[in-house]
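Undergrad: Chain by chain, the residues:
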Amino acid sequence: MFVILVLSSPAVWSRTGVMSLLVLASVLGIASVGQTWAVLIGGIDLSVPAVIGMANVVLATLYVRGWPFGVICLVLLGLAVAVGILNGVLSSVLDIHPLVITLGVGSVVTGAVLVATKGNTGGTVPAFITSAVSPVGETFGVPVPASLLLWIAVSAVVLYLERRSVLGRNLMALGSNRIAARLALVRPFAVRICVYVLSAGCGCLAGALLGGFSGGASVNIGNPYLFSTITAVVVGGTALLGGRGTYGRTISGVLVTTEFTTLLVGRGIGANLQQVLLGLAILVLITIYGRDRHVAQRI
Amino acid sequence: MRSDEAQPELVVELQDIQHRYGPTVALDGCRLQIRPGEVHGLVGENGSGKSTVVKLLAGVMTPTSGTIRVAGKTQRLTSPAHAHRLGIVTVFQETLVADECTTVENVFLGSDGLFRRSRSRAYEMRAATEILERLGLSAAALATPPAKLSLAERQTVTIARALVRDWRLLVLDEATSALDLATRDRLFTLIAEHRDSGRSVLFVSHRMDELRLLIDRATVQRSGTTVGTLDRRQATSRRLLEMMIGRQDLPIAAARHGSSGPHREAEVVVSCHQIALGATTEPFDLSISRGEVLGVAGLDGHGAGALLEALAGWRAPRHGMIEITRGGEHHRVRGYRDAFRRGIAYVPAKRQEEGLFPALSVWDNLAVATLGRHSRFGLFRTGPIDRGVDEQLARLGVVPRDSATPISALSGGNAQKVLIGRWLAAKPWLLLLNDPLRGVDLGTKLDFYDRLQVLAQDGMSVVLLSTEIEELLAACDRVAVCRNHAIRAVLCGERLSHAAILAEMFGQPETEDVRS
Amino acid sequence: MTIAGVIAHRGGLRGKSVPYFVPALVAVVAMVVGTGARNPAFYDGGWKQVLVYASPLILLAMAQTPVVLAGGGGLDLSIGPAAGLISVILAAELIPRGISVWWAIGIVAVLLGALSGAVNGVLSAVIRIPPIIATLATYLVFTGLASQLLSSPTGAIPSWFSWFVETGGPVPNVTYVIVAVGLCWLALCRTAYWRSLRAVGSNDRAAFTAGVPIIQVRFIAYVLTGLMTGVGGLVLTAVLGGADSTVGPTYTLQAIAAVALGGISLAGGRGGLTGAVCGAALLFLIQNYLTLLQVSSFVLQMIYGTVLIVAVVSNGIWDKRRRAR
Chain A
1 MFVILVLSSP
11 AVWSRTGVMS
21 LLVLASVLGI
31 ASVGQTWAVL
41 IGGIDLSVPA
51 VIGMANVVLA
61 TLYVRGWPFG
71 VICLVLLGLA
81 VAVGILNGVL
91 SSVLDIHPLV
101 ITLGVGSVVT
111 GAVLVATKGN
121 TGGTVPAFIT
131 SAVSPVGETF
141 GVPVPASLLL
151 WIAVSAVVLY
161 LERRSVLGRN
171 LMALGSNRIA
181 ARLALVRPFA
191 VRICVYVLSA
201 GCGCLAGALL
211 GGFSGGASVN
221 IGNPYLFSTI
231 TAVVVGGTAL
241 LGGRGTYGRT
251 ISGVLVTTEF
261 TTLLVGRGIG
271 ANLQQVLLGL
281 AILVLITIYG
291 RDRHVAQRI
Chain B
1 MRSDEAQPEL
11 VVELQDIQHR
21 YGPTVALDGC
31 RLQIRPGEVH
41 GLVGENGSGK
51 STVVKLLAGV
61 MTPTSGTIRV
71 AGKTQRLTSP
81 AHAHRLGIVT
91 VFQETLVADE
101 CTTVENVFLG
111 SDGLFRRSRS
121 RAYEMRAATE
131 ILERLGLSAA
141 ALATPPAKLS
151 LAERQTVTIA
161 RALVRDWRLL
171 VLDEATSALD
181 LATRDRLFTL
191 IAEHRDSGRS
201 VLFVSHRMDE
211 LRLLIDRATV
221 QRSGTTVGTL
231 DRRQATSRRL
241 LEMMIGRQDL
251 PIAAARHGSS
261 GPHREAEVVV
271 SCHQIALGAT
281 TEPFDLSISR
291 GEVLGVAGLD
301 GHGAGALLEA
311 LAGWRAPRHG
321 MIEITRGGEH
331 HRVRGYRDAF
341 RRGIAYVPAK
351 RQEEGLFPAL
361 SVWDNLAVAT
371 LGRHSRFGLF
381 RTGPIDRGVD
391 EQLARLGVVP
401 RDSATPISAL
411 SGGNAQKVLI
421 GRWLAAKPWL
431 LLLNDPLRGV
441 DLGTKLDFYD
451 RLQVLAQDGM
461 SVVLLSTEIE
471 ELLAACDRVA
481 VCRNHAIRAV
491 LCGERLSHAA
501 ILAEMFGQPE
511 TEDVRS
Chain C
1 MTIAGVIAHR
11 GGLRGKSVPY
21 FVPALVAVVA
31 MVVGTGARNP
41 AFYDGGWKQV
51 LVYASPLILL
61 AMAQTPVVLA
71 GGGGLDLSIG
81 PAAGLISVIL
91 AAELIPRGIS
101 VWWAIGIVAV
111 LLGALSGAVN
121 GVLSAVIRIP
131 PIIATLATYL
141 VFTGLASQLL
151 SSPTGAIPSW
161 FSWFVETGGP
171 VPNVTYVIVA
181 VGLCWLALCR
191 TAYWRSLRAV
201 GSNDRAAFTA
211 GVPIIQVRFI
221 AYVLTGLMTG
231 VGGLVLTAVL
241 GGADSTVGPT
251 YTLQAIAAVA
261 LGGISLAGGR
271 GGLTGAVCGA
281 ALLFLIQNYL
291 TLLQVSSFVL
301 QMIYGTVLIV
311 AVVSNGIWDK
321 RRRAR
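Protein chains in written order, with my numbering: chain A, 1 to 299; chain B, 1 to 516; chain C, 1 to 325.
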């Protein structure tokens with residue numbers, strides 16, 4: 001389902017306009033990597049907003065205390081791995097739907113961050129991050145904001161992994177047919193952990209980038225990304241039941257979603273109605289592609 | 001013996017029933033006539049269509065074409081509730097008990113309206129107690145939650161559920177397999193009483209001794225078609241088995257290889273010492289030689305599949321040990337991954353549920369098990385894998401040859417080849433095939449038997465489970481027959497014939513081979 | 001508790017096995033004792049306030065129960081947002097328009113709830129969209145609608161709403177509402193529906209072949225959930241003293257945790273309202289106790305998530321052990 005919306009709104013058609021659109025898209029795109037893979041294996045990751053918020057706050061808080069940026073990155077990496085392992089382990093252990101698990105884990109993460117910072121989530125971010133997400137930012141002299149380049153790099157890696165790594169093919173198999181995957185020697189446990197760690201990692205990256213927008217920091221900064229990542233994945237054409245799709249589709253989904261959102265915001269239609277539309281879209285798609293079998297077929 | 005009434009109205013009649021599951025034909029030209037006041041047996045091998053008939057009568061499915069008549073009127077059974085209203089009640093082979101309801105509630109399950117009870121609690125209690133006592137269940141068992149009852153007791157509850165209804169036809173689908181002897185005898189007494197008062201019973205079973213005790217007439221199914229109906233006097237075990245075999249006009253038997261198969265003195269590569277597949281089943285021994293094709297036969301649910309899964313390391317046997325011998329060294333198989341690493345490959349049975357990845361391409365389906373072998377740091381080298389994929393596609397003759405094709409575009413036979421190719425690509429020395437050619441066309445089958453022979457001559461050992469006896473005869477050197485989760489006999493050479501295999505599957509003394 | 005006795009009797013568990021909600025009940029009692037020890041005013045009337053604030057959660061946990069009992073992976077994620085939406089519709093649409101008589105509002109709330117339940121029921125039971133996905137979708141729709149209709153909280157509700165939160169009598173008035181819902185449920189349990197529900201939840205293949213109309217049973221479960229959600233929305237409005245569109249979603253997580261804590265099997269068939277009430281009370285008491293200990297609200301957030309995970313995981317383990325016969 002490749003829907004490519006042509007940029008039609010005239011106000012956007014300027015270098016700044018295009019760039020700011022792409023910058024927004026790049027953050028969403030990075031955040032959606034994990035969601036794509038989580039959906040591909042037949043689950044979903046509802047802890048993404050919490051992880052984004054966590055990264056945002058951790059970066060700002062530690063930086064304002066003078067920690068070197070490199071060390072902060074390592075800290076974020078460690079946190080991402082921890083969250084990912086938690087999600088992966090819990091959702092493998094007992095066949096519990098990842099939706100419930102990641103919801104709980106997300107809540108724990110947000111709470112933990114608030115506890116650690118005692119509610120004071122202000123801080124500052126390095127200047128280069130602010131310029132990374134600025135529409136007029138430059139990267140090493142190239143007139144393109146760093147976040148966009150970062151998204152391109154991440155996309156390239158993810159797409160490569162999907163196609164050429166054992167993990168990538170295994171996760172497609174797992175999402176397509178769980179039982180056959182186990183018989184085909186795929187390790188569901190390991191795959192899940194990898195997927196959720198990647199998801200948390202990308203969430204951290206997105207959260208760090210978001211710091212460049214507002215300067216301040218908040219745990220809730222990731223909240224809109226819950227439904228916008230799901231939108232991007234669904235609109236891009238990856239089935240919510242797993243096995244079918246690829247991050248490439250999500251890329252187009254991200255672009256469409258960002259353009260659509262900008263368009264609607266420009267006309268005063270808020271995030272709320274978008275959310276309603278997403279819900280309806282999900283229902284329509286699943287009705288066409290993913291209904292459960294009738295009991296009679298299981299006798 | 002009853003006297004024949006002049007044209008009694010049939011209780012239930014199935015006429016020219018055809019039923020398909022997608023492209024698979026389960027029933028083709030099925031005819032069944034059940035008279036009032038008779039116990040009617042239904043027999044046949046695996047795949048003969050028996051369970052489809054049961055599901056149609058139970059109202060679980062509606063036939064693709066054909067007519068069902070109940071008491072003379074044509075009916076379309078839209079649901080189990082509808083079948084019950086027409087007086088047809090069914091007891092399935094699987095024990096269907098709801099654990100969160102009491103025993104009494106289970107007995108009366110489904111008999112109420114949505115909110116209204118159809119009977120008072122007192123009545124239910126009385127009626128349930130009465131019927132369960134007649135079937136041999138103690139009063140204490142009545143008060144026990146069903147989850148704590150034994151398997152036989154749970155099955156008794158489902159039988160009671162059928163009996164408390166207002167019924168004219170009782171369908172028993174292998175319902176006695178879970179019962180103990182005492183309960184079974186009480187059940188048969190009850191059946192006889194009901195029969196005498198004008199009700200009818202359709203008794204589906206593979207147990208010849210039970211059939212001989214009960215039935216007035218019997219219908220034989222073969223490959224989805226009704227072969228014929230025999231009267232009690234004519235329905236000897238031998239005659240029934242003969243009808244089940246029938247005249248096979250597949251050229252397969254003629255194509256049976258005349259090579260040195262069964263007399264090869266080859267080294268033993270796998271030996272099973274006193275393994276038992278279930279908690280209470282008989283232990284047995286089995287050994288497999290290098291380069292042999294061993295067939296495994298058995299009725300559904302009698303352990304043939306479990307044997308293969310045990311050999312694959314997928315499901316450990318309850319007792320006993322499976323040992324492989326390679327290069328003079330003995331190893332125990334420890335689990336599925338270990339077995340694979342040592343060179344044992346298992347091709348599962350139901351390719352849609354257990355084998356294929358429907359959303360992915362032929363390439364993915366073929367390469368998935370061997371990706372790890374050609375990879376470094378988690379990234380695989382496309383070169384060797386592409387070569388391996390193409391090799392399998394060529395050797396197995398898959399059409400179309402393009403590995404980028406989505407697997408959903410392939411025919412059943414070709415998809416099955418891809419699945420087998422996945423495991424062949426791992427170059428195993430022991431290949432376990434669980435009913436690999438079900439639903440595959442004849443040409444593909446003959447082709448495949450040849451390839452199996454080539455593999456065997458190269459030193460690969462093959463275990464082939466099949467529900468089609470002709471296939472085993474064509475492809476295998478020896479055939480092991482399973483019954484009640486244990487191997488009862490291993491047939492080879494002169495003793496290897498369709499009739500012999502069938503006899504062992506049913507637990508009957510061997511009948512003569514009827515084919516000329 | 002006679003209710004417990006009656007429900008245990010209905011379930012036929014005549015002393016053969018422990019009723020499912022006993023662990024939760026024990027934990028509730030422990031929490032009550034602990035809270036009282038910490039704060040003697042609790043026994044003196046403080047508990048009434050606690051009960052009032054806990055009542056939306058209790059009602060929403062009760063609402064979650066029928067869908068979970070019906071099995072088939074049933075879980076209603078949209079309960080919180082639905083209650084929130086109902087609250088918003090009442091406060092932002094009807095009351096400003098002058099419809100403020102208590103019985104009219106009450107009927108509208110319950111009907112809206114039933115409507116949301118019916119929608120979920122059609123999607124999950126009839127069309128057979130996996131319930132988690134279907135209710136996730138309605139979660140999104142309801143949350144969006146609620147935020148759209150009411151961007152910031154309002155407090156203009158008729159005075160009769162305060163009846164709910166009055167603590168003058170022996171028990172807070174809202175207790176009567178909870179008991180009333182419980183009594184309606186008990187009445188339902190006397191019908192054949194209760195046994196059909198448990199059968200469908202524990203083994204839908206057995207129920208189907210026995211002739212139970214599975215689709216209708218499950219659909220009705222969703223409608224029942226919706227009805228109770230309507231009541232929950234009403235009480236939520238009273239407790240909040242208004243309407244707030246952001247409050248709804250948080251109840252979703254809590255309702256699931258409450259149900260899991262109450263001993264109700266997430267796989268279906270086993271459980272009842274008593275467990276839901278116990279679980280909700282337990283969850284709320286834990287929060288209350290931690291507040292008494294002056295634990296920050298941030299830790300509470302963590303606790304909620306952890307409790308959910310622990311409850312769901314142990315629920316699953318318990319189930320697995322019971323099924324491994």
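It is possible that part of the hints are untrue.
[What the hints assert, rightly or not] Distance windows between CB atoms, simulated: (1) D386(B) x Q216(C): 51 to 57 Å; (2) D95(A) x S162(C): 42 to 48 Å; (3) A104(C) x Q75(B): 46 to 52 Å; (4) V81(A) x A104(C): 52 to 58 Å.
[To be verified] Computed cross-link-like contacts, EDC-like style, restricted to lysine to aspartate or glutamate with a CA-CA straight-line distance of at most 16 Å: (5) K73(B) x D112(B); (6) K320(C) x D95(A); (7) K445(B) x E470(B); (8) K427(B) x D390(B); (9) K148(B) x D319(C).
It is worth saying that the hints were derived from the structure and are not from the lab. Glycine is no exception: its CB is placed at the ideal position from the N, C-alpha and C atoms.
Undergrad: For this structure, which hints from the list above don't hold up?
TA: 5
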